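Protein chains in written order, with my numbering: chain A, 103 to 537; chain B, 103 to 537; chain C, 103 to 537; chain D, 103 to 537.
Since the hints were derived computationally from the structure, they do not count as laboratory data. It is possible that some hints are incorrect.
Footprint (simulated), chain A over chain C, 3 or more residues, beta carbon under 8 angstroms [to be verified]:
| hint | segment |
| --- | --- |
| 1 | 429 to 442 |
| 2 | 464 to 473 |
Here are the simulated SDA-like cross-link-like pairs (lysine to any residue), alpha carbons at most 20 angstroms apart as the crow flies [what the hints assert, rightly or not]:
| hint | chain 1 | residue 1 | chain 2 | residue 2 |
| --- | --- | --- | --- | --- |
| 3 | C | Lys269 | A | Asn314 |
| 4 | B | Lys472 | A | Arg263 |
| 5 | B | Lys147 | B | Glu320 |
| 6 | D | Lys517 | C | Gly327 |
| 7 | B | Lys268 | D | Glu320 |
| 8 | C | Lys362 | D | Lys362 |
| 9 | A | Lys459 | C | Ala164 |
| 10 | A | Lys362 | B | Asn244 |
| 11 | A | Lys472 | B | Tyr497 |
| 12 | D | Lys459 | B | Asp317 |
| 13 | D | Lys459 | B | Glu292 |
| 14 | B | Lys162 | B | Val192 |
| 15 | D | Lys318 | B | Asp124 |
| 16 | D | Lys269 | B | Thr319 |
| 17 | B | Lys269 | B | Pro243 |
| 18 | D | Lys362 | C | Ile369 |
| 19 | C | Lys517 | D | Gly348 |
| 20 | A | Lys517 | B | Ser494 |
| 21 | C | Lys517 | D | Gly327 |
| 22 | B | Lys345 | A | Asn314 |
| 23 | D | Lys362 | C | Asn244 |
| 24 | A | Lys499 | B | Glu386 |
| 25 | D | Lys318 | B | Asn244 |
| 26 | D | Lys499 | C | Pro471 |
| 27 | A | Lys472 | B | Ser494 |
| 28 | D | Lys428 | B | Ala422 |
| 29 | C | Lys403 | C | Ala164 |
| 30 | D | Lys162 | D | Pro134 |
| 31 | A | Lys268 | C | Gly468 |
| 32 | A | Lys293 | C | Lys403 |
| 33 | A | Lys517 | A | His527 |
| 34 | D | Lys428 | B | Pro243 |
| 35 | B | Lys362 | A | Gly209 |
| 36 | D | Lys499 | C | Gly327 |
| 37 | D | Lys268 | B | Gly327 |
| 38 | A | Lys318 | C | Pro134 |
| 39 | C | Lys459 | A | Asn314 |
| 40 | D | Lys517 | C | Asn244 |
Since this is a predicted model, take the numbers as computed values, not measurements. Glycine included, every Cβ here is placed at the ideal spot set by N, Cα and C.
There are 4 protein chains.
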Amino acid sequence: MKKGIKVVTIGGGSSYTPELIDGFLKRYHELPVEELWLVDCEEGKNKLEIIEKLARRMIKKAGVPIKLFTTLNRREALKKADFVTTQLRVGLLDARIADERIPLSHGMLGQETNGAGGLFKALRTVPVILDICKDIEELCPNAWLINFTNPVGIITEAVNRYSNIKKVVGLCNVPINMHKAVAEILNEEEKNVRISFGGLNHMGYVTGVYANGEDKTEYVLSKWGNQSMQNISGTEWSNAFVKELGAIPSPYLRYYYMAKESLEEAIEKFKVNGTRAESVKGIEKDLFEIYKDESIDEKPKLLEKRGGAYYSDAACNLIASIYNDKRDIQVVNTVNKGVMQEFEYDEVVEITSMITKNGPIPMPIGRLPKAAKGLVQEIKSFEIAAAEAAVSGDYNKALLAMMINPLVHSQRYGKIVLDELLEAHKEHLPQFYRY
Amino acid sequence: MKKGIKVVTIGGGSSYTPELIDGFLKRYHELPVEELWLVDCEEGKNKLEIIEKLARRMIKKAGVPIKLFTTLNRREALKKADFVTTQLRVGLLDARIADERIPLSHGMLGQETNGAGGLFKALRTVPVILDICKDIEELCPNAWLINFTNPVGIITEAVNRYSNIKKVVGLCNVPINMHKAVAEILNEEEKNVRISFGGLNHMGYVTGVYANGEDKTEYVLSKWGNQSMQNISGTEWSNAFVKELGAIPSPYLRYYYMAKESLEEAIEKFKVNGTRAESVKGIEKDLFEIYKDESIDEKPKLLEKRGGAYYSDAACNLIASIYNDKRDIQVVNTVNKGVMQEFEYDEVVEITSMITKNGPIPMPIGRLPKAAKGLVQEIKSFEIAAAEAAVSGDYNKALLAMMINPLVHSQRYGKIVLDELLEAHKEHLPQFYRY
Amino acid sequence: MKKGIKVVTIGGGSSYTPELIDGFLKRYHELPVEELWLVDCEEGKNKLEIIEKLARRMIKKAGVPIKLFTTLNRREALKKADFVTTQLRVGLLDARIADERIPLSHGMLGQETNGAGGLFKALRTVPVILDICKDIEELCPNAWLINFTNPVGIITEAVNRYSNIKKVVGLCNVPINMHKAVAEILNEEEKNVRISFGGLNHMGYVTGVYANGEDKTEYVLSKWGNQSMQNISGTEWSNAFVKELGAIPSPYLRYYYMAKESLEEAIEKFKVNGTRAESVKGIEKDLFEIYKDESIDEKPKLLEKRGGAYYSDAACNLIASIYNDKRDIQVVNTVNKGVMQEFEYDEVVEITSMITKNGPIPMPIGRLPKAAKGLVQEIKSFEIAAAEAAVSGDYNKALLAMMINPLVHSQRYGKIVLDELLEAHKEHLPQFYRY
Amino acid sequence: MKKGIKVVTIGGGSSYTPELIDGFLKRYHELPVEELWLVDCEEGKNKLEIIEKLARRMIKKAGVPIKLFTTLNRREALKKADFVTTQLRVGLLDARIADERIPLSHGMLGQETNGAGGLFKALRTVPVILDICKDIEELCPNAWLINFTNPVGIITEAVNRYSNIKKVVGLCNVPINMHKAVAEILNEEEKNVRISFGGLNHMGYVTGVYANGEDKTEYVLSKWGNQSMQNISGTEWSNAFVKELGAIPSPYLRYYYMAKESLEEAIEKFKVNGTRAESVKGIEKDLFEIYKDESIDEKPKLLEKRGGAYYSDAACNLIASIYNDKRDIQVVNTVNKGVMQEFEYDEVVEITSMITKNGPIPMPIGRLPKAAKGLVQEIKSFEIAAAEAAVSGDYNKALLAMMINPLVHSQRYGKIVLDELLEAHKEHLPQFYRY
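Make the full structure from the sequences, and use the hints.
Next comes the structure, spelled out in structure tokens:
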């Protein structure tokens, strides 16, 4: 008999949490969550309370015996957990504003998962996640850590390098959206379509498409060229480029292959609307107003506009597959184990995997296009340099990470942006200010 | 008894030729050139005549029995040649002006060996070089082809992929200048200093420095940070970056690690002085005025300002080492043969090599920094895409090469610049206009 | 609606066929075989008739609407087949006698899948299988070829290299038996145990064992040391060796790690009982007597003693998984696709795979022990040399294959055995006697 | 001004020493040895005295100012040494007798560098060499260690793995003899012939032959097939095999590719003459009788029959090249540095190298034949297991090394021979008898 499951969600006051709750409720028949702990920090206390009340209404409506707990005491929550999910944001959205605003103000892309902004989100977040890992090691050593805190690639790489936790999976909704888009092109149900996806988080490629036992890769390549995502809308891929490349690039790759226009658009938007972080702040405010409404007892529609749709649901799905040893196929961030020859044996990749009780098993996805190999390796070396800088607090390592990132590729401005961001995030970067 | 040597120089009317002549004269004791053929095309006839007269004065002064021939008939010249050097410029400096001006006018680096400009120089030059290879195969199958036509990396890769010529070496003066700079830092004579150099043409790194049997790498890394080159002057490397990187980057790498400032400076200069090609055109005019002066019978000093100093001398040096099976150490562009794990077995790299009668043997140079591996592979995939586009005349391949180059990384502007350059160079790109 | 399936079994007169029939009958609910064609050659006609009658009795008893056909005309049978299984034996058991007897008579292991005997079975069989592939390409291009003709590794490698058939899977019962043995040690049901298996056919290793989500590898390694298989019984593994090696070797690896004692035992047995082939001939005679018995209408127990137990059942299982896109885990011979770093990207390996409608997807199994890597690569190079020799009929290639096989490793005796076997199998080796 | 050189020879009482002395005398003009220290242990005292007197006569005759010292105190000798050569034999020839006799008596090749005998020579020698390394680190940290104690491959690998000494080169005379044989086939002087040699000690292959700038590989492969070496005489290679293999195997490879006949011959010889060690003992006795003869003042001719001809001369040659930064080409045992893709980056290989003041730089030798790759990797894993066993004294590791060696490949006899050799060498294997 399987015992009921204890799930701990760190960053439980996040606006995403209702989707997570919804995901657990939908899956209760196969994933009997007995205890769900929502943990947040002092600054998030107010939001946590709102979420708690909504969650209680949702659980009540669903009529399932999930026990809900909220706490600001992480260690109390972690005891004997089976699954720990992390969706935290060190410094809240105000920090993200700086990550976007400072690079943009020096003519550089400002974005929370790539380039200078992504680097700084990693510098702030990695130490916190590694602390959580130490707590897990002590308090719930058999738990799975499901991370969907960005930048997921760097965080998962850092956990793998610098903690003793081996049961960690990083999760992103991009591959799910690409899967959906591929199925749409094929006019097929998603479940009949299988994709081979490989690369890094926010830097992956669909290398193969199969439907009902047939290889549809060439067909989909010939049709690709106007897909977009809600939060990276805009310019479309040239179909000639996609065909010649021989793989479908993740929408986030427009930051690279369309770096110049991405930057121009970002600067344009920035001038008109301020940063994306500021818009999100507005959306979040609206969301929490809705969450407060006592008549609401399910996940509100508006949440899907938030940008991270399917993220939390993907987490529930992953947890259900691990718990039930489903051996189904999902795209996750996990250790390469030699499967992608483009990366080292022990590096974390984002890859089509089979999900088992022992975690994800990455599957061969063919070779990446020759034309993509260098770029993904460049970003992997950036991820590693970023993780090293985050752990060591070494200025020079941070400068290296900055300068080798192709969205920065500047010594003069790299240094300026580095210095300004270090100053702006001083409070959340104690490792750089130890002396 | 070794027979006298026949050397054929294609592009003999180049302003660099006097240095080449000087190189052969200096080395006559070990490199007994019996026949030197200078070949040029109709457009270069006038310059070829000026060079011929100067060359005759130089040979006469040196008092060596080198027989000089000039011709516009390449096939006549190639018969039974021992060494063929190529220093040609398809479309002359006017083509270079377009390579620089068009990208710059769309806010993109315009430069003749990197980015969009480098791509187009390759598209024009590769087919001509492959034609020369066919002639060599037929008329002097045992000859060595010494190419110092830019972009040397792409040209040498293309010869290796698309011709039957195996005796080919690509040559660049950058490693020589880095060797000199390293020796200067160490306050040692060059001959006592050995460097390990590896990577691609204009994208190499010094990974090790040895003087008198001691490893001086750490010392030189700790001092590097204000080297510059005559034709890529400007911003200096941050020593913190160089130390953290763990290898000395080629000065040309500033186009990547300092892309933003390089571009700004280039645009600034462009506004004030026009393109570099236009300046060079002026220098060349002055040079040919000097060359015409019948009192001049040696290589003029001014030539050293031309930018390619040591280039032609390096060619003579390489030829002397092959001819005499010297087994000395030079940095050349040659097939990797598995030595650099960062590249495929058969890819062309720029690497420290031992020069033998059978050509260069690449030597192990250690691993490139993790942080450099992705970038060099990205550029190698660009080089291969460029060579494919040059040979096939396929628009989509050219677009791929354009978009994956990190100095372009734009779909919108990549396409605009591609279209404008195709139009500007129409005459020299017949492979793209076959239908 | 899924249409009924057409299965063609080449070598249908084999004594294994009743197990195959049994496998299809058991799985009819998920694998609705509409037509089952048993094909054999003139020499097998008599046995085919006996099998046919037994099969009809079995089908009748099971009460399922499978239509049975028998024919000596392979091409007639193949038309529009969905699955083709091959279980043929070129030259019948008499050829196997020579494969065993000749090497043994020169003090060399004589065995039908390894060493000199394995080489000759490959030389005879590969051309026949490649002919079948040509027929498949023409008559049923969408069919899956499921090969369990030995030597499975060489055959599958040859199909992959020398035919246009991509839908091919090689199958062996050894991994199934190892899975059973592991489960037994753990005192668990097989379905709760997952193994990581990798290497080559008859040269594989279990690199990991998982039960109910826990890694039990160390435990099983500490217990291994007295497993044996019915047809390779005998000396037991030293547990010290297995633990130090760090992986569980396939029972067939005793031919290598216990080469001397295997040879001694084989010679001993040979002296007493003659070859294994001769014993099998006896068993087969008994089996066919039973098959003739009209009161028998199910698979006889004795068949399990035949040595290939689970072989045919494994084939049915594989077919059911492909047909139903089950995505379950089986160990098969398939293209590496880069998953095992010990082999080239395109080499065939025997490996834990997920079975889908598009065929097997190999899964990462960790690294083989350092101490095993050289041996498996040596055998892979033997397999490739054997396939080349089989296709070309080149004597020198056959000599190379012979001499590099560690069970031969003799020039003098290698040549003698090669010459004697070529002579003995003359009739079935036309490619060596073309002139 | 270069200072005079201090050379220390450990095992100075060896019968090889006169050749070493001769080598230094011949090269005095380029290698001004100021002090030569011959070190031996108590058991070798008598032989050391004989050698000393002969050496003094040789030096006197040559008329060079080399100061000769002999001592039993290794640490006294090592102070400030520039070069340390090791040619020691732990347990003297009596130990070798056991290494040969015990395996042979169980029907297994008994040989001092391969198989069981090679393993035990390594188990005895590695700890002694590692002790010497510790002394070098303390007393002459800048010295080069030139090891020609067998098994050279394992010893050099062990020094590289388990000591802090980086300046180590392993040396063998086999490549020199192959070079000579190749030159003979080409009817050329050795200096005009260059070979590419790669693999492991006693397991190398000539992959390329060049004479006067031409590739003569195919020609030499077509002629190879009757070369032999004095101490591994006997059966000749089949030319068909060599051509098909595509590289010239080292004579020692007959132990593998002609394992059966090598064993038969060895057993035959053993029955008639006893072990090779016993013959060598006789030769050595004769040699020392000659050495005692006061009229002898140069290297006696008979020494060339000893089997290790050119060994000591090769050492002098190597030392001269390091000392003078000659950058000439020699085959040595050194760290791969990624040059041979068949081995790991840090593994020791025997390879064509350029000899510089910083030691050997391995050169690309092309790929080994596919058919050789597995075998050399198998032996490399044996070497590593042997080194691990030697350092740890772990019985199971020794058993692993034994069983994976293709000249043993037996569990039953492997264990018997292991146990008997452990017992026979008890005195020299304290690491296995610590408890």
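Outcome of the hint check:
1. 429 to 442: Coverage by chain A holds for the segment 429 to 442 of chain C (7 residues, Cβ < 8 angstroms).
2. 464 to 473: holds (count 5)
3. Lys269/C / Asn314/A: Roughly 15 angstroms separates the two Cα atoms, so the pair holds.
4. Lys472/B / Arg263/A: holds (16 angstroms)
5. Lys147/B / Glu320/B: Not OK: Lys147/B and Glu320/B at ~51 angstroms, beyond 20 angstroms, violated.
6. Lys517/D / Gly327/C: holds (15 angstroms)
7. Lys268/B / Glu320/D: The given pair, whose Cα atoms are some 17 angstroms apart, holds under the 20 angstroms limit.
8. Lys362/C / Lys362/D: Holds, because 12 angstroms separates the two Cα atoms, which is no more than 20 angstroms.
9. Lys459/A / Ala164/C: Violated, because 37 angstroms separates the two Cα atoms, which is more than 20 angstroms.
10. Lys362/A / Asn244/B: Violated: Lys362/A and Asn244/B sit about 48 angstroms apart, past 20 angstroms.
11. Lys472/A / Tyr497/B: Holds. Lys472/A to Tyr497/B sits at ~18 angstroms (cutoff 20 angstroms).
12. Lys459/D / Asp317/B: The hint holds at about 10 angstroms.
13. Lys459/D / Glu292/B: Roughly 16 angstroms separates the two Cα atoms, so the pair holds.
14. Lys162/B / Val192/B: Judged against 20 angstroms, a Cα distance of about 32 angstroms means the pair is violated.
15. Lys318/D / Asp124/B: The hint is violated at about 36 angstroms.
16. Lys269/D / Thr319/B: holds (17 angstroms)
17. Lys269/B / Pro243/B: holds (9 angstroms)
18. Lys362/D / Ile369/C: holds (16 angstroms)
19. Lys517/C / Gly348/D: Cα-Cα ~19 angstroms, so holds.
20. Lys517/A / Ser494/B: violated (43 angstroms)
21. Lys517/C / Gly327/D: Between Lys517/C and Gly327/D the Cα gap is close to 15 angstroms, so the pair holds against 20 angstroms.
22. Lys345/B / Asn314/A: violated (54 angstroms)
23. Lys362/D / Asn244/C: violated (48 angstroms)
24. Lys499/A / Glu386/B: violated (45 angstroms)
25. Lys318/D / Asn244/B: holds (15 angstroms)
26. Lys499/D / Pro471/C: This hinted pair holds, its Cα atoms lying about 13 angstroms apart.
27. Lys472/A / Ser494/B: holds (18 angstroms)
28. Lys428/D / Ala422/B: holds (19 angstroms)
29. Lys403/C / Ala164/C: The hint holds at about 18 angstroms.
30. Lys162/D / Pro134/D: This hinted pair holds, its Cα atoms lying about 15 angstroms apart.
31. Lys268/A / Gly468/C: Since the Cα atoms of Lys268/A and Gly468/C sit roughly 15 angstroms apart, the hinted pair holds (cutoff 20 angstroms).
32. Lys293/A / Lys403/C: violated (42 angstroms)
33. Lys517/A / His527/A: holds (15 angstroms)
34. Lys428/D / Pro243/B: Roughly 33 angstroms between the alpha carbons, so the hint for Lys428/D and Pro243/B is violated.
35. Lys362/B / Gly209/A: holds (9 angstroms)
36. Lys499/D / Gly327/C: OK: Lys499/D and Gly327/C at ~17 angstroms, within 20 angstroms.
37. Lys268/D / Gly327/B: Distance ~30 angstroms between Lys268/D and Gly327/B Cα, so the pair is violated.
38. Lys318/A / Pro134/C: violated (27 angstroms)
39. Lys459/C / Asn314/A: holds (7 angstroms)
40. Lys517/D / Asn244/C: violated (53 angstroms)
Taken one by one, the earlier hints fail for this structure at numbers 5, 9, 10, 14, 15, 20, 22, 23, 24, 32, 34, 37, 38 and 40, listed in ascending order.
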